[in-house]
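Residue 48 is where the sequence shown starts when you use our numbering, and the numbers rise one by one after that.
In short, the hints are calculated from the structure, not lab data. One thing to keep in mind: the hints can contain errors.
Unchecked claim - Derived CB-CB ranges, DEER-like:
hint: 1; residue 1: P135; residue 2: Q170; range: 16 to 22 Å
hint: 2; residue 1: D240; residue 2: Q270; range: 30 to 36 Å
hint: 3; residue 1: E143; residue 2: D118; range: 40 to 46 Å
hint: 4; residue 1: R110; residue 2: R150; range: 21 to 27 Å
hint: 5; residue 1: D177; residue 2: E143; range: 20 to 26 Å
hint: 6; residue 1: R70; residue 2: Y166; range: 43 to 49 Å
hint: 7; residue 1: V175; residue 2: P239; range: 35 to 41 Å
hint: 8; residue 1: A137; residue 2: D240; range: 48 to 54 Å
hint: 9; residue 1: R260; residue 2: R295; range: 26 to 32 Å
hint: 10; residue 1: P306; residue 2: T283; range: 32 to 38 Å
Predicted model only: the values in this text are computed from it and were never measured. Quick reminder that beta carbons are idealized off the backbone N, C-alpha and C, glycines included.
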Amino acid sequence: MNPLRYGRIPYVNVAPVETAFDRGAVTRAVEVVRGVPTALNAALAAGEIDVAAISAAHYLRHRDRFVPLGDLCIAADGPVRSVVFASPVAPEAVGEISIAVTRDSASGRALLETILRRYPHAQPSYDVVDDALAQARAHRPTLLIGDDALSARAELPPEQVFDLGEAWRGWTGLPFVFGLWCVRRDLLASRPDDVEALRAALTEARAWGAVNRETVIDAAFVQRPFSRELYDDYFTCLSYTLGDRARRGLEHFAELLPPEEALRVAG
48 MNPLRYGRIP
58 YVNVAPVETA
68 FDRGAVTRAV
78 EVVRGVPTAL
88 NAALAAGEID
98 VAAISAAHYL
108 RHRDRFVPLG
118 DLCIAADGPV
128 RSVVFASPVA
138 PEAVGEISIA
148 VTRDSASGRA
158 LLETILRRYP
168 HAQPSYDVVD
178 DALAQARAHR
188 PTLLIGDDAL
198 SARAELPPEQ
208 VFDLGEAWRG
218 WTGLPFVFGL
228 WCVRRDLLAS
238 RPDDVEALRA
248 ALTEARAWGA
258 VNRETVIDAA
268 FVQRPFSREL
278 YDDYFTCLSY
288 TLGDRARRGL
298 EHFAELLPPE
308 EALRVAG
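Produce the entire structure from the sequences given, and follow the hints as far as they go.
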C-alpha cells in the first residue's frame, strides 16, 4: 500500500513539530508534499494529499470532509507574531481602502475580515498579490503571514504592524487557532491504522520539539536567519496543542467566520 501523502507547510512556524523528523529523532512512513496553507487546503479538498496542517478557516468551512488529527494545531493565546496587518492606518481607522493580501493564507484573511467588521466605517476591498512583503515595504495596507510577517516586524515601524492574534485575544479574551492537522474523512475510514500511526508520530515529534527547543531554534535559523531571541519569543507565543480554551476560541471564530464569497476582492 502506498504511504500516506502528507502536506507540510514551508514556514518556520511548524519547526517545533517538523524538526524531530528532519533530525531523525522521530520517523513516519509518509510522502511529504510541501505547500503554502492555501495550496494544502486545496490539495486536501481535491484528494491529492491525505493529511496536512490546513487553515482553521478551511477546516471550519468543510467539517463534513475533514477530521482533526488528535489535538495537533497551531494557535496563539495573544500575540502570534506571524499573522499581521501592516498598515500606516490603524484597523479602527480603515475606510474604503484596498488592502493587499497574500494568496497563501485562508485563516489570516478571514481573521482580518472578521476583526475589521467590528468597525462601522471599515469597508475595504482585498487585492490578492504575489509579493505581499513588497507591498508592505511600500507602506500599502497589507496582510502578511508566516516568514514574511516576521520580516515585516523586523523592518517596519512597530506602530505600523498590528498583530492579529493579539487583536483577537483583546477582543474575545480567547486564543486563536490558525491551523489544524487534519485528515480526509474518507481516508480515515479506509486506513485508520495508518492515520493513527501518523498521529502518534506527530504527537511524539511535538513532545520532542518542546524538550529540544534549542535544536528547533537552530533549524529555524538555518531556514530563515532571524535572531535566536526572535525565535525563542516566537515559539513561546505559539501553542501546538488544542486545549479547552483554544477549542472555545475555534468555535467562537466559527460563529463569526464570514463566507468565502463575502471576502471582497478587488480587480
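Evaluated hints:
Our hint of 16 to 22 Å for P135 and Q170 holds, since their Cβ atoms are close to 18 Å apart. At roughly 33 Å, the beta carbons of D240 and Q270 sit within the given window of 30 to 36 Å. Range check, E143 to D118: Cβ separation about 41 Å, and the 40 to 46 Å hint holds. Between R110 and R150 the CB atoms are about 24 Å apart, so this pair conforms to the stated range of 21 to 27 Å.
At roughly 24 Å, the beta carbons of D177 and E143 sit within the given window of 20 to 26 Å. As the Cβ distance of R70 to Y166 is approximately 46 Å, the hint placing it in 43 to 49 Å holds. The given range of 35 to 41 Å is respected by V175 and P239, whose C-beta atoms sit roughly 38 Å from each other. In this structure, A137 and D240 meet the distance hint of 48 to 54 Å, their C-beta atoms being roughly 52 Å apart.
Taking the beta carbon of each, R260 and R295 are about 27 Å apart, inside 26 to 32 Å as hinted. At about 35 Å, the beta-carbon gap between P306 and T283 stays in the expected band of 32 to 38 Å.
Hint compliance for this structure: no hint is broken.
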